[in-house]
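J.: So the sequences go chain by chain: A and B. Count along the first sequence from 1, then add 59; that gives the number in our numbering. Count along the second sequence from 1, then add 3; that gives the number in our numbering.
Treat the hints with care, as some may be off.
A few chain B residues that face chain A, going by a derived Cβ cut-off under 7 Å, partial list only [to be verified]:
no.	residue
1	11
2	23
3	24
4	61
5	65
6	238
None of these hints come from the bench; they were simulated from the model. Using N, Cα and C, we set each Cβ at its ideal position, and we do this for glycine too.
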Amino acid sequence: MRGWKAVIGMLGLGLMMGGGIGFLLGRHVWPVRYVDVAPGDLHPAWQAEYVQMVALAYTRDRDLALARARLTLLGDPIEVLQGLPGHSPAPISPEARSAIADLLRALRSSSTSEPPGGPP
Amino acid sequence: MKGYAGIAFLVGLIPGLLGGLYLAWEIFPPPPGKSSPAELAAPYQELWIVLAAQADAVERDPVTLRRRLAALVLPDLPERIAALAERGLLENWPSGIVQDLARAAQQLGARSPALVVILATPVPTRVPPSPTLIPTLTPSPTVTPTFSPSPAPSPTQESPLTPTSALVETMTPTPTPSVPQVIEQWPLCETSPLLRIEVLGPDGKGRSGVRLWVSGPRGMETLLTGLKPGMGRGYADVRMEPQGAYRLGIEGSEPVLAEVSARPCKLSEDQIGWTGWEIRVRLSR
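Make the full structure from the sequences, and use the hints.
T.: As structure tokens, this is what we get:
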């Protein structure tokens, strides 16, 4: 009887150890890789890069609606731009800094000029 | 009994491992938000390329451009950017964006006649209608690739260039100097009709980099001469829809240069074709 108990105990121990090892392997050695993601699923460092590029592209084409739509992929455009310095691990170039300030200004002025309540 | 205990341990270990992997991958996967640009859906990767090229046009920092684009981990990156520039040209994207893409492709080492022509073309002051350079779909991240973006419309300039043609008639209008003018145009009976345009300079030599507009059943299309160097420096063509009526002009000069249509014609005794056209235009300067 004691022998069978030992066998069942070893079976349970194997299950638990296997579960633990499998979980660690699945999390750290072969983690889930997301594919076909949107910019909102990027690492914050890459999101910061994306925001800088959107601002620089706005300097180039002056298309505020397009810049707003591109930033909306990450959330509220104004909040995204305001939060950028905290998220960017790499130093922001002077051109990008000025482009971000320019775009932020344009977004703020366009949002204040819009009538409250939205379209009828 | 010791042997049985060892076997029981192994019997428990294997399903435990599988269960642990299942828990880590399916039940408690790590939250998304740590992806790199390489994992972006294809339309967003194109957006990333466009943005990187536009940003570089302001920053002029090749190291930053390379870092941003290298993050996509695309094996044929320069060629892909060049192809995107050519697609932008055919789909009438703003010239500034097309030129930024062409410049970025060239910086990364891409070489093609189309890039040379795009970069040599002055940016017009009139801004053509802006395309939606932002993908409208928002795919949810998946472990296995299930996302399939809608296919881009195929360029219309890739029709076969060796149709079975039969010369039908020739027409030579009276030339008037000072404005671009059609010096010759003639129809060709062929199975898949093409509108072929050859633009000549005042010296009679083919002129590359001339932007033409063609309005037809598919709407307004922009052509650029010289993208098919084998056909001559001033050559451009566009596929014609059977029964379609087309108007041709040079961008920046208002008057319509020619109006033609693809009508049924007799290709051989038992085969009906459509009239394609060949039009030769001479520039005044």
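J.: Looking back at the numbered hints, which does the structure fail to meet, lowest number first?
T.: 5, 6
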